[in-house]
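Asker: In case you want the letters, here they are:
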Amino acid sequence: MHDRPVDQRVHDFAEVDGGMTPREAMAEAERCLQCKKPLCVKGCPVTIDIPAFLREVAAGDFKKAAVIIKEQNTLPAICGRVCPQEVQCEGECILGKKEKPVAIGELERFVADQERVQGMVMPQKKQATGRRVAVVGAGPAGLTAAAELARMGYHVTLFESLHAAGGVLMYGIPSFRLPKEIVKAEIDAVLALGVELKLNHLVGRSVTPRELLSYDAVFLGTGAGLPYFMGIPGENLPGVYSANEFLTRVNLMHADRFPVFDTPVKRGSRVVVAGGGNVAMDAARVARRLGGKVTLVYRRREEALPARIAEVERAKEEGIEFVMCANPVKIIGDQAMTGVECIKMEMCALDDSGRPEPKEMGGSHFTIDADVFIAAIGQGPNPLLIGELPELKRGKRGNVIVDEHGHTSIRKIFAGGDVATGAATVILAMGAAKTAARAIDRMLREE
Amino acid sequence: MKPLFRIERSESLADKVHQIWVKAPHVAHHAQAGQFVIFRIDEKGERIPLTISAVDGDSIRVIFMAIGKTTTHLSTLSAGDHIHDIAGPLGKPTVMMKFGTCVLVGGGVGTANLPIIARAAKAAGNRVIGIIGARNASLIIVEDEMKAACDELHISTDDGSRGFHGFAADLLKQTMAREPVDSVWIIGPAMMMKVTAEATRAAGIRTIVSLNPIMVDGTGMCGSCRVIVDGETKFACVDGPEFDAHKVDFNTLMQRLRMYQPEEKASMEKFQEHQCRCGGEPHA
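Residue numbers (the numbering used here), protein chains in the order written: chain A, 910 to 1356; chain B, 422 to 705.
Looking at chain A on its own, in the form it has when it is part of the complex (with noise of 0.2 Å):
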């Protein structure tokens, strides 16, 4: 890890983590003690032979790695960025338990970033079976699951709402963290695979459920972009949004430069961010190089906050305050909002989750004066193509219900991400996905 220093970051949307150095990677990958019984796979969603591709690395043969990732993962430069490893592959490192474990996340990075310098290379195909599969939704799961089919021999039919593809990846996670122009390449290289990708089509409407169904399998991948919002009064004054819009505007429709750009954003000169998880700080640490004084708040304990450490850490170097145990409660406000009011909250005994549940405290209200109000309190599945497909099980917080091989009550339908998880991150999308790709090829096999 190599950040850019603060005071040069929080002006900018460029990559604050510089990477590794070849020497670096190579030194960091020959710490890799290539377990019989390696636990890091294990812990990886899509079951990457790592200690395979640390081997190459080790030797310098960075081309090899990057066919060892590509065997298993489609969209390395993406996962080695966004995924939580300290959970997951390097959670598990065998050397994480007495000392630090192999950063395999910046290795998968560095891999990838090599070869989108050098040349990518394409992965196998199989012979054309001439059977047709449609793919809902260009995100995580989606252009996993076009991918893997594509590979398989099937003809895929990517279709996308937005003008662009990537999903959340181009619309909700900022460029300083996953720059758009490796998106771009990774997304070209899924459809060098002969993926046939159509944008501004809204499944469920520019496409209908018969159509869809005249295809010969379906993956659904429309994830969860619905945006929760409070439910507190002033909730609709200009300077509200859900964190979905804010990031939208900036990240998709480039905001941030108003009026080379169209789309216009408040820029908030104090910005209160409601919400601890990833969506959270990537909504603080926009407003905060939108020139915003931006204070965090959430409701839990800081130890509860579900993003990343590392994004944390990195979103209070940036200058974002902290304000743990409150809630916002109220806008204020007449023609635009002026301010948030919040109030305390104590924790009490543990709920549902396992962890304490916050309570209100009597009394305890504050104000914090602000401009702009971010809620990113989470996403639902996104309910309008599933609310077009009648037959389609969902669960109660209308997500698609799944069998373990991706399988939903439609026949043909597959699903995968977090239309079926409910919000959840990159990796399990492309990891379900994956799942889903093999179960839809099993079953066209068999007909």
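Hints are not guaranteed to be accurate.
What the hints assert, rightly or not - Simulated pairs of lysine-lysine, BS3-like, Cα-Cα distance not exceeding 30 Å: (1) A:LYS951 to A:LYS1107; (2) A:LYS1225 to A:LYS1202; (3) B:LYS668 to B:LYS543; (4) A:LYS973 to A:LYS1034; (5) B:LYS444 to A:LYS1093; (6) B:LYS465 to B:LYS691; (7) A:LYS1305 to B:LYS513; (8) A:LYS1239 to B:LYS668; (9) A:LYS1202 to B:LYS568; (10) B:LYS519 to B:LYS437; (11) A:LYS1268 to B:LYS655; (12) B:LYS655 to B:LYS686; (13) A:LYS1035 to A:LYS951; (14) B:LYS513 to B:LYS444; (15) A:LYS1239 to A:LYS1268; (16) A:LYS1107 to B:LYS444; (17) A:LYS1089 to B:LYS668; (18) A:LYS1007 to A:LYS951; (19) A:LYS1107 to B:LYS437; (20) A:LYS1089 to B:LYS543; (21) A:LYS1239 to B:LYS615; (22) B:LYS568 to B:LYS437; (23) B:LYS568 to A:LYS1302; (24) B:LYS594 to B:LYS691; (25) B:LYS465 to A:LYS1305; (26) A:LYS1305 to B:LYS519; (27) A:LYS1034 to A:LYS972; (28) A:LYS1107 to B:LYS513; (29) A:LYS1007 to A:LYS1089; (30) B:LYS655 to A:LYS1302; (31) B:LYS594 to A:LYS1321.
Said to hold, decoys possible - In silico contact screen, one side only, chain A against chain B (beta carbon under 10 Å); selected entries: (32) HIS1072; (33) HIS1110; (34) MET1162; (35) PRO1173; (36) CYS1257; (37) ALA1258.
Since the hints were made in silico from the structure, they are not lab data.
Just so it is clear, CB atoms sit at the ideal spot from N, CA and C, and this is done for glycine as well.
Based on these hints, arrange chain B on the given structure of chain A.
Answerer: Just chain B now, with coordinates in the frame of chain A:
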């Protein structure tokens, strides 16, 4: 690789009001009355919602008033030019059935969205009465289309230069006094919809408005277009754009529509400055 949508026809209908026919088969083949599209003119463009006002083969028509940067830019494009992105059709279609007598009231450029609903209403077996309200005679649009689609058509102008001297709401009241009315659509500026919808409230007549809040994705992902209907927050892009007029909180709608006024002004000024430079100085 990028889809580009060709403009087939472009013309001015009235002062600042333009219509564009653009080829977009994925929209045209699925569009129904009441739905809209999102346009993004070019790679630096914003995403703006525009109602689909007619469909012909592979093409759709949008009618808009050149008021902001994007609509002004759009009005300068001509046949053969391209729109970078068109997503749609979006939103729920107009709920249509045999109601009996339907009255369709249009205010200003919102009138453009009535003929497609009028045709659907007629096809469903309704008696259809159209009312067009405009500031003056020169701003009346889609009159012939409305005449063809409606059993009766009435016109009002604020200045009396054409038809009834007064507001569309007055004509609506007159119609209600003349005969029983079963369903009403009102499409126009937010203030006009708010005021006109009061005409039917007491009688409890089903009244629908089509809302036009600021949108980004138009697919239910951002919440920019949230409106309050019957005390509940709804997303106009996926829950609407048509809502029960008597339950809409128009004041919140209007407040949110004004949210980016300073930015809209800055964007417009930059565009006009650019237009002047390009138009005024011949290229070498």
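Asker: Hints first: check each against the structure and report whether it holds.
Answerer: Results of checking the hints against the structure:
1. A:LYS951 to A:LYS1107: 35 Å, violated
2. A:LYS1225 to A:LYS1202: 12 Å, holds
3. B:LYS668 to B:LYS543: Measuring from Cα to Cα gives roughly 26 Å; hence the hint holds.
4. A:LYS973 to A:LYS1034: Measuring from Cα to Cα gives roughly 18 Å; hence the hint holds.
5. B:LYS444 to A:LYS1093: OK: B:LYS444 and A:LYS1093 at ~27 Å, within 30 Å.
6. B:LYS465 to B:LYS691: 14 Å, holds
7. A:LYS1305 to B:LYS513: Holds - the C-alpha atoms of B:LYS513 and A:LYS1305 are around 24 Å apart, at most 30 Å.
8. A:LYS1239 to B:LYS668: 24 Å, holds
9. A:LYS1202 to B:LYS568: 58 Å, violated
10. B:LYS519 to B:LYS437: 36 Å, violated
11. A:LYS1268 to B:LYS655: 28 Å, holds
12. B:LYS655 to B:LYS686: 28 Å, holds
13. A:LYS1035 to A:LYS951: 27 Å, holds
14. B:LYS513 to B:LYS444: 22 Å, holds
15. A:LYS1239 to A:LYS1268: The hint holds at about 16 Å.
16. A:LYS1107 to B:LYS444: 16 Å, holds
17. A:LYS1089 to B:LYS668: 43 Å, violated
18. A:LYS1007 to A:LYS951: 20 Å, holds
19. A:LYS1107 to B:LYS437: Violated, at roughly 34 Å.
20. A:LYS1089 to B:LYS543: Roughly 50 Å separates the two Cα atoms, so the pair is violated.
21. A:LYS1239 to B:LYS615: 27 Å, holds
22. B:LYS568 to B:LYS437: With Cα atoms ~23 Å apart, B:LYS568 and B:LYS437 stay inside 30 Å; holds.
23. B:LYS568 to A:LYS1302: Not OK: B:LYS568 and A:LYS1302 at ~47 Å, beyond 30 Å, violated.
24. B:LYS594 to B:LYS691: 44 Å, violated
25. B:LYS465 to A:LYS1305: With a Cα-Cα distance of about 40 Å, the restraint between B:LYS465 and A:LYS1305 is violated, given a limit of 30 Å.
26. A:LYS1305 to B:LYS519: 36 Å, violated
27. A:LYS1034 to A:LYS972: 19 Å, holds
28. A:LYS1107 to B:LYS513: Holds, at about 22 Å.
29. A:LYS1007 to A:LYS1089: Violated, at roughly 37 Å.
30. B:LYS655 to A:LYS1302: Measuring from Cα to Cα gives roughly 24 Å; hence the hint holds.
31. B:LYS594 to A:LYS1321: Violated: B:LYS594 and A:LYS1321 sit about 54 Å apart, past 30 Å.
32. HIS1072: 4 Å, holds
33. HIS1110: At about 6 Å, which falls below the 10 Å cut-off, the nearest Cβ of chain B leaves the hint on A:HIS1110 intact, so it holds.
34. MET1162: Holds. Min distance 7 Å.
35. PRO1173: 4 Å, holds
36. CYS1257: 29 Å, violated
37. ALA1258: At 32 Å from the nearest chain B Cβ, A:ALA1258 fails the 10 Å test, so the hint is violated.
Figure legend: structure checked against the earlier numbered hints; hints not met, in rising order: 1, 9, 10, 17, 19, 20, 23, 24, 25, 26, 29, 31, 36 and 37.
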